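There are 6 protein chains.
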Amino acid sequence: RYGLAEKEDQVGVVTGLAWTSVGGDLLQIEALKLPGKGRMKTTGKLGEVMKESIDAASSFVRSVSPELGVKPPKFETIDIHVHVPEGATPKDGPSAGIAMVTSIVSVLTGIPVRKDVAMTGEVTLRGNVLAIGGLKEKLLAALRGGIKTVLIPEENAKDLPEIPANVKEGLTIIPVSHVREVLGHALVRKPEPVEWDEAAEEAAAAARKASPGEGAAATAH
Amino acid sequence: RYGLAEKEDQVGVVTGLAWTSVGGDLLQIEALKLPGKGRMKTTGKLGEVMKESIDAASSFVRSVSPELGVKPPKFETIDIHVHVPEGATPKDGPSAGIAMVTSIVSVLTGIPVRKDVAMTGEVTLRGNVLAIGGLKEKLLAALRGGIKTVLIPEENAKDLPEIPANVKEGLTIIPVSHVREVLGHALVRKPEPVEWDEAAEEAAAAARKASPGEGAAATAH
Amino acid sequence: RYGLAEKEDQVGVVTGLAWTSVGGDLLQIEALKLPGKGRMKTTGKLGEVMKESIDAASSFVRSVSPELGVKPPKFETIDIHVHVPEGATPKDGPSAGIAMVTSIVSVLTGIPVRKDVAMTGEVTLRGNVLAIGGLKEKLLAALRGGIKTVLIPEENAKDLPEIPANVKEGLTIIPVSHVREVLGHALVRKPEPVEWDEAAEEAAAAARKASPGEGAAATAH
Amino acid sequence: RYGLAEKEDQVGVVTGLAWTSVGGDLLQIEALKLPGKGRMKTTGKLGEVMKESIDAASSFVRSVSPELGVKPPKFETIDIHVHVPEGATPKDGPSAGIAMVTSIVSVLTGIPVRKDVAMTGEVTLRGNVLAIGGLKEKLLAALRGGIKTVLIPEENAKDLPEIPANVKEGLTIIPVSHVREVLGHALVRKPEPVEWDEAAEEAAAAARKASPGEGAAATAH
Amino acid sequence: RYGLAEKEDQVGVVTGLAWTSVGGDLLQIEALKLPGKGRMKTTGKLGEVMKESIDAASSFVRSVSPELGVKPPKFETIDIHVHVPEGATPKDGPSAGIAMVTSIVSVLTGIPVRKDVAMTGEVTLRGNVLAIGGLKEKLLAALRGGIKTVLIPEENAKDLPEIPANVKEGLTIIPVSHVREVLGHALVRKPEPVEWDEAAEEAAAAARKASPGEGAAATAH
Amino acid sequence: RYGLAEKEDQVGVVTGLAWTSVGGDLLQIEALKLPGKGRMKTTGKLGEVMKESIDAASSFVRSVSPELGVKPPKFETIDIHVHVPEGATPKDGPSAGIAMVTSIVSVLTGIPVRKDVAMTGEVTLRGNVLAIGGLKEKLLAALRGGIKTVLIPEENAKDLPEIPANVKEGLTIIPVSHVREVLGHALVRKPEPVEWDEAAEEAAAAARKASPGEGAAATAH
Ligand SMILES: [Ca+2]
Ligand SMILES: [Ca+2]
Ligand SMILES: [Ca+2]
Ligand SMILES: [Ca+2]
Ligand SMILES: [Ca+2]
Ligand SMILES: [Ca+2]
Ligand SMILES: [Ca+2]
Ligand SMILES: [Ca+2]
Ligand SMILES: [Ca+2]
Ligand SMILES: [Ca+2]
Ligand SMILES: [Ca+2]
Ligand SMILES: [Ca+2]
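Chains as they are written, first to last, in the working numbering: chain Y, -8 to 212; chain E, -8 to 212; chain C, -8 to 212; chain L, -8 to 212; chain G, -8 to 212; chain D, -8 to 212.
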């Protein structure tokens, strides 16, 4: 079934798009959340650039986590493992960035990813979506694999005229310029924000640290 | 005796199947559980892809551990060592993934592995079983080695027509698509799930952390 | 939009200038502040020299942090991630040093960076600005990208006579010899200093350490 | 004296057998136990495969430590250093595995190793002994070096007919299939087991952890 | 201004002398002291030998720190960053050793370094000054750069007859055999020693460790 | 003065002997003891084999430390830095092992090393001295450098007949087979042993750990 769209909406499972010398391909991306200490593990024979795109995706997600309903201290208590299957095939490049963001957000929020959406786009630390290469090959792979909707960088919209008409008819192609749009299209529902006042939390934490035994001492007599 | 099926059902010892330029071979996989701090050690001249398949196997197992009767905090108190003997022979590739999962689950649960079962299949973080190469050579090696039952990826069932009739007669070949099926066939009994309410446990842990001395202080006077 | 000036003033986003065999280019630099433990992460296929220039920038900023309104212990509670997008393009060299300083200061203080300012210059641990190469190509790229003001090292002012007149008319070119001048031109407002008496703070910390339970004990009876 | 049997029974000093392009040789293996934190250090220009065989030997020993009279928590308080002298000569291969086990067990238990015993055999995590190469050259080296007894893998017993008669007359050659047999022949006395109920110990440790101050609080009034 | 003497006496900024295939050059060395945990960071495209000379310089300084007015525990609370600007130029060799010592001592004591002094010499762990190469080229660079005084190893005094007369007239050249002499010439004032009785301090620390709660308990009733 | 015997007896400074393609040389070895956490630092462009010989020397010393008047817990509170000057010259090989032991023992005990003694010999974890190469070249270098006494491995005594008569007349050559003999000849006085009953100390430490607050609680009421 590899190379085909997923059979059901799943948490943490996202379909990216790869482009190699022999054409485009679907790229299944999986993330898991485990009890831990804030570590990120990546596997699947990933090159340095793809690993860095996961780092950037992860930092972006952490920087907006209250918007996603996740309080920042949560990250100190979990590990995240991102795996790209077909472990013998080398993968590289930054273009899976928005898929990495989506996978990490899904696993953190528990919100499943729509099974018939694929996506390609580099992500920046601010969540902006940058242009990618191989658009035609990637769209052909998406069509072949049963995908219905493909998210592409706004910066690549200028390449759409060169895409064959049957591909554009068979797919809903949505140009995006920020990850917020990506999440809106890819997740089955919108995350609910949580209140987080950083300054207030820091002050409280500092107070706790300054007098660790105070609570206990107040009741001892 | 190397290259032959095990003589008895053992905890943590699983028979995988390797495929090299000179044919197939049995691959004995051993796991041990030791008191520790959540570390994973791997030895046996393993290539990067096989080490990553052990990482993926391990994360999958941790993510479903309550199903296996193991509470997640247990992992912080043990180390797991996975060794593939014949230490001078290089080994690589992702196809031992389901054997790695089985070995880790056996050692965590204490449930022995059936000595006459061999298996091959890449595993994903969700426990899905992906296709492998060298099916014919691996099945021949299994037959030669006295194996009775071989678990293969569902995705490889399409290759069975090319397998010689005598091999298919001498072996029970079972296509599987998820690790749950693998464990059902390979372990001598089914693991018993344990209750684990992650949210409740987290709240309790947070409460303990917030007032470490509280229990003691309440009884001091 | 890559290769063009930013559309709005943003926190942590700075425009540097790169010089390669095929000419000059704008170099977007992004920094994020995350809750953490004083770690620095860098991504974007950066060479060793550029990574070291980020280290030098970071140490300089830490050494003058009270001037910037940031108390030194703050650094133990945050991680900083510096990313240079277009993750597939290798980048190297020390000439983004002053841009790195500006990006880190912006993210620490929360003060946005003027969107129409670009800059190039190596930075030393004392905040001095050292000469760079490729001045002409970098200024051409700035003009092409819609930049209005370019900060260059004082040591490169001697190269200005060789710059075409139309470039010098289209840009405000400001030679600088210390990072303080850079921040004055690049940030939308000046950081407000905070009082920090290192010796007094150290003595207080030492006192707290020497008698950790003292405060509590004083009220127990 | 290097290349000759030891002059007395010593703790932690074991004679292995090496096989190189220029023939067989005795291989002195030394282990030391030091106060520490559970680390393993290895020196003597050892290749990766020999280092992994030391890891496997060490994990096997830890997994059976109560049989050897050593309680598992002991390992957290010591470091073990395994050195193979003649530090300028590269050494590699898994065949010193059973000698590594013997050296580690000797140093942990304080029981000396018989000075006139040499041994060769790969070890698995379960303590099984696997076949090695170069049997003839190794036995010749043992005879030359004044060794009386050589332990070889049961799997190599099939090679004994090719060994010259004078070698077989000059040495007592003992095929072994598990490390327990190795220790029986190599140590000057049998280790005395210690009681260790893992589940009970874990429960007790968990109880201590849950209420660290309890013992103290119970006596405070 | 690079390649010229500094304009004012600064803390932590020392002028070394480099010697390359194209002649001699001034080598600005900068050190910063930051709140930290005893770490040493080095940047500036430094080779292994130069990094090791910084390690040796640092250990020497720590070993004599009470002479410099710095109590040893201070080192556990600071990080030191040594940077050699012109970050794109590779630098190596041990001959900046005494400059590294001077830079570290200046930053630790807060005593500025005379701006018109340059120096070259390898340093040992005991503070001895060893011979260097390229004396003529280095002295020429010093003269060219406006330096007034150059400290050279006593072992190189034998090379002075080969130095051109105008160089020897334009510079005060001082042979030194120990770092104490170097500091006397390079720092604008002498550091004031602090009392430090290691044995007494260790005993006090051990006592505090043995009964952490004692002080508090003595006042609880 | 490099290449000549030391001018006075110093703590931690030992003269080894090197042998290269261009002849023998004196090798000054320096060790320093610093407040720390049990780390070993080595500098001086040392190859892997020489670094491992320092590790072996260090473990040997720790294993016999009570004989040397040093209680084992002391090692957790210090760092040791071993440096071999002339930092630009690569050094390798195991033959400085006994010099490394002597340097470490001198620095730990504070007992100076005789300035006119040089030594060469590999050391094992048990303190045995193994044969070295280049004996003639090393002895010539010792004579040239003003050394009076040279310690060589007992195993090399068989090479003495080939040494020129004038060398043997100019030097006292002492064959040694264990490090204890080395220390007897090289240190200006014998270390005084200290009592250390490991089992008793462990029991006491375990007791302290089991009831950390007990002492305090006993006096609280
Ligand atoms: Ca595929
Ligand atoms: Ca890509
Ligand atoms: Ca085999
Ligand atoms: Ca494989
Ligand atoms: Ca560009
Ligand atoms: Ca540059
Ligand atoms: Ca030998
Ligand atoms: Ca071997
Ligand atoms: Ca220069
Ligand atoms: Ca140099
Ligand atoms: Ca020399
Ligand atoms: Ca040597």
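Hints are supplied without guarantee of correctness; some may be wrong.
Think about it this way: if two alpha-carbon atoms lie no more than 25 Å apart in a straight line, the pair counts; the simulated SDA-like pairs of lysine to any residue are [stated by the list, open to error]: (1) E:Lys65 to E:Gln1; (2) G:Lys82 to D:Thr80; (3) E:Lys32 to L:Pro103; (4) L:Lys65 to D:Ala197; (5) L:Lys82 to D:Asn147.
FRET-style restraints, in silico, Cβ to Cβ [as the list claims (entries may be wrong)]: (6) E:Trp187 to Y:Arg171: 53 to 61 Å; (7) Y:Asp188 to E:Gly175: 48 to 56 Å; (8) D:Glu160 to L:Val13: 37 to 45 Å; (9) D:Ala197 to E:Glu189: 47 to 55 Å; (10) G:Ala198 to E:Asp0: 28 to 36 Å; (11) Y:Asp188 to C:Gly161: 42 to 50 Å.
Here are some chain G residues pointing at chain C (derived, C-beta under 8 Å) [as the list claims (entries may be wrong)]: (12) Thr11; (13) Ser12; (14) Lys36.
Source of the hints: derived by calculation from the structure; they are not laboratory data.
Predicted model, so just to flag it, every value in this text is computed and none were measured.
For every residue, glycine included, the Cβ atom is placed at its ideal position computed from N, Cα and C.
Evaluated hints:
1. Distance restraint check for E:Lys65 and E:Gln1: the Cα-Cα separation of roughly 22 Å lies within the 25 Å cut-off, and the hinted pair is therefore satisfied.
2. For the hint linking G:Lys82 to D:Thr80, the alpha-carbon distance of about 16 Å falls within 25 Å, and the restraint holds.
3. Only pairs whose Cα atoms come within 25 Å are accepted, and E:Lys32 paired with L:Pro103 is rejected, the gap being roughly 30 Å.
4. Restraint check: the Cα-Cα separation between L:Lys65 and D:Ala197 comes to about 11 Å, which is no more than 25 Å; the hinted pair holds.
5. At roughly 23 Å between alpha-carbon atoms, L:Lys82 and D:Asn147 fall within 25 Å of each other, so this suggested pair holds.
6. Against the hinted window of 53 to 61 Å, the Cβ-Cβ separation of E:Trp187 and Y:Arg171 comes to about 34 Å, which falls outside the hint.
7. A C-beta distance of roughly 50 Å is found between Y:Asp188 and E:Gly175, which places it inside the suggested range of 48 to 56 Å.
8. Taking 37 to 45 Å as the suggested C-beta distance range, the pair D:Glu160 and L:Val13 conforms, at roughly 38 Å.
9. Distance hint for D:Ala197 and E:Glu189: a CB-CB separation of about 36 Å, inconsistent with the stated range 47 to 55 Å.
10. As the Cβ distance of G:Ala198 to E:Asp0 is approximately 58 Å, the hint placing it in 28 to 36 Å is violated.
11. In this structure, Y:Asp188 and C:Gly161 meet the distance hint of 42 to 50 Å, their C-beta atoms being roughly 45 Å apart.
12. The beta carbon of G:Thr11 comes no nearer than 18 Å to any beta carbon in chain C, farther than 8 Å, and the hint placing it at the interface is violated.
13. Residue-level restraint check for G:Ser12 is violated (minimum Cβ-Cβ distance to chain C is 20 Å; threshold 8 Å).
14. Because the beta carbon of G:Lys36 sits about 6 Å from the nearest beta carbon in chain C, less than 8 Å, this interface hint is met.
In this structure, the hints that do not hold are numbers 3, 6, 9, 10, 12, 13, in rising order.
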